[in-house]
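> Listed below, chain by chain, are the residues.
Protein chains: 4
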Amino acid sequence: MESSCLQKAVSYAREYAAGWMGQGTLAEFIPRLSEVDRDKLAVVVTDLDGREYSVGDADQRFTAQSIAKVILLATALRDNGFEHVFSRVGMEPTGDSFNSIIRLETTIDIPFNPMINAGAISVTSCIPGASPEERFSRILAYARELLCSPGLEIDKEAFESEMLTGDRNRALAYMMSSFGSVTGKVEDHLALYFKACALFVSCREISHLGAVLAGGGISPVTKKKIIDPFHAKCICSLMATCGMYNASGEFALRVGIPAKSGVGGGITGVVPGRMGIGTFSPLLDKNGNSICGIRAMECLACELDLSIYAP
Amino acid sequence: MESSCLQKAVSYAREYAAGWMGQGTLAEFIPRLSEVDRDKLAVVVTDLDGREYSVGDADQRFTAQSIAKVILLATALRDNGFEHVFSRVGMEPTGDSFNSIIRLETTIDIPFNPMINAGAISVTSCIPGASPEERFSRILAYARELLCSPGLEIDKEAFESEMLTGDRNRALAYMMSSFGSVTGKVEDHLALYFKACALFVSCREISHLGAVLAGGGISPVTKKKIIDPFHAKCICSLMATCGMYNASGEFALRVGIPAKSGVGGGITGVVPGRMGIGTFSPLLDKNGNSICGIRAMECLACELDLSIYAP
Amino acid sequence: MESSCLQKAVSYAREYAAGWMGQGTLAEFIPRLSEVDRDKLAVVVTDLDGREYSVGDADQRFTAQSIAKVILLATALRDNGFEHVFSRVGMEPTGDSFNSIIRLETTIDIPFNPMINAGAISVTSCIPGASPEERFSRILAYARELLCSPGLEIDKEAFESEMLTGDRNRALAYMMSSFGSVTGKVEDHLALYFKACALFVSCREISHLGAVLAGGGISPVTKKKIIDPFHAKCICSLMATCGMYNASGEFALRVGIPAKSGVGGGITGVVPGRMGIGTFSPLLDKNGNSICGIRAMECLACELDLSIYAP
Amino acid sequence: MESSCLQKAVSYAREYAAGWMGQGTLAEFIPRLSEVDRDKLAVVVTDLDGREYSVGDADQRFTAQSIAKVILLATALRDNGFEHVFSRVGMEPTGDSFNSIIRLETTIDIPFNPMINAGAISVTSCIPGASPEERFSRILAYARELLCSPGLEIDKEAFESEMLTGDRNRALAYMMSSFGSVTGKVEDHLALYFKACALFVSCREISHLGAVLAGGGISPVTKKKIIDPFHAKCICSLMATCGMYNASGEFALRVGIPAKSGVGGGITGVVPGRMGIGTFSPLLDKNGNSICGIRAMECLACELDLSIYAP
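Protein chains in written order, with our numbering: chain A, 3 to 313; chain B, 3 to 313; chain C, 3 to 313; chain D, 3 to 313.
Chain A extracted, bound-state conformation:
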């Protein structure tokens, strides 16, 4: 595909998405998230040769939130392998809210999949290390590689804010601890999870993450294999079936790009064999997905024939 064509599509997607600007709400249950600038909008495509096509606030930082679930899963798979991770968390989509505890109770032992909070906390609990600091260092180092962002840090205020207000996640974690599906110190796992959610990323960086997965685990910049190809495929399929919270099915049907959203306003998309996509815009719909981000994805999918469900 010609560069000029891609750049045009990216620009058009931003323009199209801008039509929904101002709609939606900020994620007010995390106080820190309610301070961001509502008018930001960025779209970035990274192709498998590492070329970037960006428009808007591509380097504006925001917290990864649920996009961290992709990073945590990649880390746990690398460090523990497929069998171990999927003995702690399932693979099945669920129509429940991202923080449902009913599913935990009725399915008894393990959470449904790594893209819901309970599942991501379970995945986090697998990540090894001699101390909480060492465990987080592993995650951070890998995140820097996956996002091609050597200076990546967390937003401390967001982290502290979530530590204070994260009682629902705390409830999920203690519930899993009581079942024995999470072992070790619950508060340590939670702190680690909240830190990963507070990773302070940019739209450019999450498009890079998408491109790594689109390339089957190969970094488009360094050409190094940084995710095992089978793991990359696993992560991509879980994004496709469960990545957009309770609207995963509708997003598959209308857009058709495996993607993971975060309540920080970002969405990372994966078009296998073709490109990674990042969008950022902080106002959310009732499902917790960025309204303009979904529109930008929809527009790109349509312009560039990206749906994996169409010929």
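Just so you know, the hints here were simulated from the structure itself, not pulled from any lab data.
Heads up, some of the hints might be wrong.
Taking lysine-lysine pairs in the BS3-like style, the calculated list, with each CA pair at most 30 Å apart, reads [unchecked claim]:
#1 D:Lys187 - D:Lys158
#2 A:Lys187 - D:Lys187
#3 B:Lys158 - C:Lys187
#4 B:Lys187 - C:Lys158
#5 A:Lys158 - D:Lys187
#6 C:Lys288 - A:Lys288
#7 A:Lys42 - A:Lys288
#8 D:Lys288 - B:Lys288
#9 C:Lys288 - C:Lys42
#10 A:Lys187 - D:Lys158
#11 C:Lys10 - C:Lys225
#12 C:Lys187 - B:Lys187
Model the placement of chains B, C and D on the given structure of chain A, informed by the hints.
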């Protein structure tokens, strides 16, 4: 892709799958299904030019069962359009069993998606016609086109058997009627749904159905557009997220081919832009999916790089 | 207790309850019930010697609705015995709505108790007889005795109305049939159940029913033992824990009289060793209980120290 | 009732209950509870004049566990009043397990009733005080009065054991905190709750608690009103509808005495206007109720005609 290569892959898939022969159980809750020959195994690929690559009992007939959900959805979309159908049924995957009624009650109005029983009954209730006979004629005529099977009929004994034993589906239908999400005569809709499930198909025919969807709605034989391309994409995405009952997520992860299984032993797979796949083998796993069928799909996906989640 | 004192309490209860007249709504989901006169209000006490203390429209007829659950349970216990009945239905209260199907699915086999719809349908299915007509004759004959109402009949229009609109009960019944906890012809059981709900009773009559239970099964009029004392105690305890739909706990706490309400506007109360109480007033609260009826019961309990939970 | 008759009934109840000795299991999820002597069995009746009729290990100490729910509710009602307490917890029975979290989630804001763990934790969170120590002092002082036990203390090892293993209760508490139905420091409330559960009581003492409630709040020993009569009635009705975990309905039906059990092996029973009953025997049935305790209650109810549901 060379023909000889495809034929080889199909043969190898059958051989590989045969290693699981004898495992699993027949769908004993439908008496008629417990009479079939357990040792059947067929694999058929139909490419977008209509070439068929088959091995095993490719023309052995079996009841479509849940594969009919694909046909019913295609019919309802053609006759009523996207908006009408998806006002009666949702688009979201669910981790529940195919015949769950909890979801109906807690989500109040409409069933989760057209690939679970409640959703398929709701979809069926949309299909228009002056009489039950006329309504079924519409479905049958369209099914003959989609499966490239001019002589397609139903297995009357299977139909009658389900009419007698279908109390759980009856409960789902009356529940929806009480909510007002299904209107009209409940028993008529049920009879129509049971008839569609009793369509007596072959592995060759369901691979043709897969090929139509893989081609975005174009029949590989007649080259006529028989499904609207947008509808084809919708159906394919729903197969990907919810087509394999409670194992849809795992199938996406391990195989990566949008597919729909039936407790009659068939699975129809769709590889967008490339091919349709049919498998048939009657012994089922605990989720109601054909054990050898899953293995054949897995083998083909691996040999021919068919996962839509990998580059 | 002196007669004059009881008569005064009954009159005062009516006066007190009348203060809530006009509040609430009719049970509009059964069309026939929306035709009744909203301004009716009756209170009747029957003591264990058969003396009646009544005020208001004590002989106005209304449909028994859920009060029939008491009659059906008494009939099934008499005809099948304790063990058989409670192998088909549980004894535990539940906070769910009277027509919940979730409980059926998650508890797998039998409904929670005979005071919810599913439980009452299961109880009905136990009542023996060579034909539907004979089975109903048994119920009717026993109901005439229990209510001391030789001419008791059903309201045919109410029965036909429920047959047409009873799809939720139909769903419950087919669900139980699919589990095997209800056997035989589902539609026959449903018709029987709807007929019992359509019994056209008066406030005087349901106070007599209460008095029979209060006397441990002895009719206060004929002095004959018409319910086994153990069965009478069972029925009374189930009324106490589950008789007032989702407000059973609050009613126990605030009033303390074992009671069963119906959406027809009646409530039958049992004060063991002392009296039966009937109230009638058709406007209902959100739980389906008669608003003025609850107030009258509350007033009587307070005036006459009737709570079984206080010394 | 003659003293000799009561003493005889108590002795007979113990003898009868002893026939089930050795059946059941200790509450192994709390390590401390698995250390107790399985062969203990005590039955004590305290009448409204303070006379005690005891047999067996009436002064053997054991942890109150869920019997503390009665004490916590009494304390919260005394200190905060009816309206405040019942704005934080409901009044309805539920068929769910004592530690169900589903109910919390589906009913959204407040737990079903004060006799399940979530409800008791919510009740505990209402109890006022300048510090955790002061709050516990209030509870302890009142418990000493209610149990007529000036030297009552907690079993520190049991308390510490529950603090370590109480992750399910922790999950319940954090869930309520995330809903806002529990406010303040979750860990403080939990410690308080666990301390109350660890109150080291005797069978004699819990029969005194029952007698206070049976007398409408009057201590049978001091003749002082130590519970408001309306509160006493409320507590008694909640014991009747929800006091025996998932077997509350069956216990009402078969025994008919408002009662609260604890997994420590105790049961406290209330016969309004007549007596309090305590039983102790540590082996439990699958619902968490003392097997011999239930049998002793059943025998007493039968011998002395104690069911509140019979004349």
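> Hints first: check each against the structure and report whether it holds.
Cross-check of the supplied hints:
Note on Lys187 of chain D and Lys158 of chain D: the hinted pairing holds, with a Cα-Cα distance of about 22 Å set against a maximum of 30 Å. For a cut-off of 30 Å, the pair hint linking Lys187 of chain A to Lys187 of chain D stands: about 20 Å separates their Cα positions. Restraint check for Lys158 of chain B and Lys187 of chain C: satisfied, since their Cα atoms lie roughly 23 Å apart, inside the 30 Å limit. About 23 Å separates the Cα atoms of Lys187 of chain B and Lys158 of chain C, which keeps this hinted pair within 30 Å; it holds.
Between Lys158 of chain A and Lys187 of chain D, the direct Cα distance comes to roughly 23 Å. Compliance with the 30 Å bound is thereby established for this hinted pair. For the hint pairing Lys288 of chain C with Lys288 of chain A, the CA-to-CA distance comes to about 29 Å; that is within 30 Å, so the pair holds. Distance hint between Lys42 of chain A and Lys288 of chain A is fulfilled; the C-alpha atoms sit about 19 Å from each other, no more than 30 Å. For a cut-off of 30 Å, the pair hint linking Lys288 of chain D to Lys288 of chain B stands: about 29 Å separates their Cα positions.
Restraint check: the Cα-Cα separation between Lys288 of chain C and Lys42 of chain C comes to about 19 Å, which is no more than 30 Å; the hinted pair holds. About 23 Å separates the Cα atoms of Lys187 of chain A and Lys158 of chain D, which keeps this hinted pair within 30 Å; it holds. Between the alpha carbons of Lys10 of chain C and Lys225 of chain C the distance comes to roughly 26 Å, so the proposed pair stays at or under 30 Å and holds. Note on Lys187 of chain C and Lys187 of chain B: the hinted pairing holds, with a Cα-Cα distance of about 20 Å set against a maximum of 30 Å.
The structure is consistent with each of the numbered hints, conforming to all of them.
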